[in-house]
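Put together the whole structure using the sequences plus the hints.
Chain by chain, the residues run as shown.
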Amino acid sequence: MISNLINRKIFTLLKVQYSNMLEYRVEIALWAISGIIPFFMLNIWTNNNLNESINISDTLLSRYFLCAFFVRQFSVVWVVFSFEEDSLMGKVSPYLIQPLNPFFRYFAQHLAEQITRFPFALIIAFFFFIFNPESIWIPNLSILLLSIVSTFLSFLIQFLIQSIVACLCFWTEKASSIERLLFIPTLFLSGLLAPVVSFPGYVKSWIYLTPFPYLIDFPANLLSGNETNIIGGLSMQILWIILLFPLFKKIWSEGTKKYTAMGS
Amino acid sequence: MLQNIIEVRNLSKSFDISSKEPGLKGTIKHFFRRQTKSLKVIKDISFEIKEGEIVGFLGANGAGKTTILKMLCGLIYPSEGSILVSGYLPFSRKNNFLKNITLIMGQKQQLIWDLPPIESFYLNASIYDLDKFEAKKRIKKLSEMLEIDEELFIPVRKLSLGQRMKSELLAALIHEPNILFLDEPTLGLDINAQSNLRKFLQKYNKETNATICLTSHYMKDITSLCKRVICVHEGAISYDGKLDLLLKKLSPVKEILIVCSSEEDAIKLEKSGFTVKNKIKNEITIKIENNSITSSLKTILNNFDIEDLFINEPPIDEVIGKLLIKKDYDI
Chain X
11 MISNLINRKI FTLLKVQYSN MLEYRVEIAL WAISGIIPFF MLNIWTNNNL
61 NESINISDTL LSRYFLCAFF VRQFSVVWVV FSFEEDSLMG KVSPYLIQPL
111 NPFFRYFAQH LAEQITRFPF ALIIAFFFFI FNPESIWIPN LSILLLSIVS
161 TFLSFLIQFL IQSIVACLCF WTEKASSIER LLFIPTLFLS GLLAPVVSFP
211 GYVKSWIYLT PFPYLIDFPA NLLSGNETNI IGGLSMQILW IILLFPLFKK
261 IWSEGTKKYT AMGS
Chain U
2 MLQNIIEVRN LSKSFDISSK EPGLKGTIKH FFRRQTKSLK VIKDISFEIK
52 EGEIVGFLGA NGAGKTTILK MLCGLIYPSE GSILVSGYLP FSRKNNFLKN
102 ITLIMGQKQQ LIWDLPPIES FYLNASIYDL DKFEAKKRIK KLSEMLEIDE
152 ELFIPVRKLS LGQRMKSELL AALIHEPNIL FLDEPTLGLD INAQSNLRKF
202 LQKYNKETNA TICLTSHYMK DITSLCKRVI CVHEGAISYD GKLDLLLKKL
252 SPVKEILIVC SSEEDAIKLE KSGFTVKNKI KNEITIKIEN NSITSSLKTI
302 LNNFDIEDLF INEPPIDEVI GKLLIKKDYD I
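Going line by line, the protein sequences match chains X and U. FYI, the working numbering numbers position 50 of the first sequence as 60, with every residue one higher than the one before it. FYI, the working numbering numbers position 14 of the second sequence as 15, with every residue one higher than the one before it.
Take the hints with a grain of salt, since some may be wrong.
With a straight-line Cα cutoff of 30 Å, these simulated DSSO-like cross-link-like pairs (lysine-lysine) come out [stated by the list, open to error]:
1) U:Lys-133 to X:Lys-25
2) X:Lys-19 to U:Lys-137
3) U:Lys-200 to U:Lys-138
4) X:Lys-101 to U:Lys-38
5) U:Lys-159 to X:Lys-19
6) U:Lys-38 to X:Lys-268
7) U:Lys-159 to X:Lys-101
8) X:Lys-25 to U:Lys-142
9) X:Lys-184 to U:Lys-41
10) U:Lys-133 to X:Lys-19
11) X:Lys-267 to U:Lys-100
12) U:Lys-204 to X:Lys-101
In short, the hints are calculated from the structure, not lab data.
Structure representation (structure tokens):
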């Protein structure tokens with residue numbers, strides 16, 4: 011039953027959404043370019059020799075920020091904005107009466123967008139290596155595979171968090187403003203601006219209890235070859251998914267009772 | 002004996018509506034203390050619909066027709082009462098129920114805007130668990146019925162409204178539902194496209210025995226498709242029954258324009274006891290009750306010298322228009 015769903019519905023959804031995303035290839039290239047915050051941060055860190063305080067070499071730091079860029083490219087989520095718009099415009103109504111949860115559509119949309127983004131991210135990485143040839147490295151296959159898994163888990167966590175927030179549309183209509191509240195901790199605690207290891211010890215222990223460091227810091231450290239607890243990190247990612255999924259299901263089932271099918 | 006496919010008992014729906022006084026004072030007051038009130042938009046309605054029936058829901062804007070359809074298809078949750086559609090509680094949205102129904106809302110689209118409709122059709126086919134062969138067969142059949150062919154391969158954004166509406170219909174019917182909820186399906190379409198759509202719905206109903214619940218402000222949709230209408234007035238049912246019976250009740254007389262051969266004949270006819278609407282020279286318009294038309298015409302033809310005669314049906318829009326502002330029809 012589940013395999014049938016994955017094989018047919020998701021595959022067709024992916025195929026169709028990929029065709030749709032290809033219609034927006036220029037926009038996707040621009041979005042990929044707009045995700046280069048980690049490279050600015052790398053510049054700030056290396057120019058001010060901040061890496062010395064955390065005992066990371068320039069090479070490892072530049073690999074970390076490149077990996078942070080990659081992880082961000084393949085885990086970025088905007089479902090709250092899409093769902094909010096569709097919900098307010100009544101576009102979600104036809105999806106609600108189909109035998110497939112509408113969030114599968116958004117999920118496929120994100121995956122299709124990631125596939126479209128991939129070549130652009132590679133081009134950006136290519137230019138990064140031209141300017142930082144000392145950072146070139148080839149991760150071993152097992153680390154590469156684990157990093158892909160970890161990046162996907164990071165995407166799932168973010169997708170679930172945003173889907174939960176998106177469901178608040180059923181009560182508040184403007185759920186994206188709530189998402190803004192999550193933007194600050196995501197920006198500072200996820201490892202996008204600085205590796206979590208650079209935070210003071212007592213702060214770090216608290217940060218690791220939240221889902222944020224598992225969004226970018228953990229997969230980026232894993233891929234770049236920095237020292238990290240692989241089993242612990244993956245377990246925490248899975249744990250957050252296990253915690254968030256039933257919460258999403260509950261809020262979805264309660265929220266749909268509140269749905270008024272506005273705009274339709 | 003046909004079975005009930007839709008059963009609605011004492012159904013009500015309330016919405017929480019927030020209100021705001023005008024001006025800056027009202028805005029500040031609204032910011033600090035939002036006032037909401039519960040508005041009952043559907044009030045204790047009950048009805049049944051039999052398998053294969055085409056039922057039109059009539060009512061003014063905001064009467065509650067669309068809300069009823071939304072509850073019947075499981076899109077919104079009822080506040081009170083019960084609904085059973087094809088043996089299911091709609092809002093529980095069981096897959097087997099969802100595979101049996103479809104909802105089409107005029108001007109609302111489910112087709113992917115930048116891709117040709119065929120992509121959305123195959124997507125819907127997989128959502129409804131149809132294999133590719135079956136999907137292809139149904140797309141062919143429905144596109145022939147709807148007379149769309151080349152349009153299947155043109156991006157939706159480049160299609161005309163009529164072509165888009167036909168494609169929407171195809172997308173909504175690919176799983177061959179046996180209950181169709183249509184909310185203003187001809188909205189914005191030109192006269193030919195409206196007529197084609199009506200013909201298609203008649204054909205679909207005839208071929209599949211599908212039950213159709215329809216709302217429309219175009220009276221032609223209602224008169225050509227529905228034998229039965231449910232009139233909704235301020236959230237309550239004001240009439241549920243045959244359309245022709247309602248029309249007879251609302252419009253019990255016909256107007257007959259008689260062209261007499263001379264003005265003297267017209268004056269004679271004017272004084273013969275018929276209800277005269279107006280008289281211009283030798284043309285006279287009289288009102289005759291529906292049940293005495295034959296005998297009255299016989300009398301006129303036998304006793305007066307008549308050149309020509311026209312029977313005018315009152316405009317249906319005008320007749321139904323009366324209905325939308327009245328609360329009860331005791332028929």
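Verification of the supplied hints:
1. With a C-alpha separation of about 14 Å, the suggested pairing of Lys-133 of chain U with Lys-25 of chain X holds against the 30 Å cut-off.
2. Taking the CA atoms of Lys-19 of chain X and Lys-137 of chain U, the gap is about 16 Å. The hint holds against a cut of 30 Å.
3. Using a Cα cut-off of 30 Å, the hinted pair Lys-200 of chain U and Lys-138 of chain U holds, with the two alpha carbons roughly 21 Å apart.
4. A threshold of 30 Å between alpha carbons decides the hint, and for Lys-101 of chain X with Lys-38 of chain U the separation of about 27 Å falls inside it, so the pair holds.
5. Restraint check for Lys-159 of chain U and Lys-19 of chain X: satisfied, since their Cα atoms lie roughly 27 Å apart, inside the 30 Å limit.
6. Under the criterion of a C-alpha separation no larger than 30 Å, the hint pairing Lys-38 of chain U with Lys-268 of chain X is consistent with the structure, at around 16 Å.
7. Between Lys-159 of chain U and Lys-101 of chain X the CA atoms are separated by roughly 20 Å; this keeps the pair inside 30 Å, and the hint holds.
8. Between Lys-25 of chain X and Lys-142 of chain U the CA atoms are separated by roughly 24 Å; this keeps the pair inside 30 Å, and the hint holds.
9. For the hint linking Lys-184 of chain X to Lys-41 of chain U, the alpha-carbon distance of about 25 Å falls within 30 Å, and the restraint holds.
10. With a C-alpha separation of about 12 Å, the suggested pair Lys-133 of chain U and Lys-19 of chain X falls inside the 30 Å cut-off, and the hint holds.
11. Only pairs whose Cα atoms come within 30 Å are accepted, and Lys-267 of chain X paired with Lys-100 of chain U is accepted, the gap being roughly 20 Å.
12. Using a Cα cut-off of 30 Å, the hinted pair Lys-204 of chain U and Lys-101 of chain X holds, with the two alpha carbons roughly 28 Å apart.
Of the numbered hints listed earlier, not one is contradicted by the structure.
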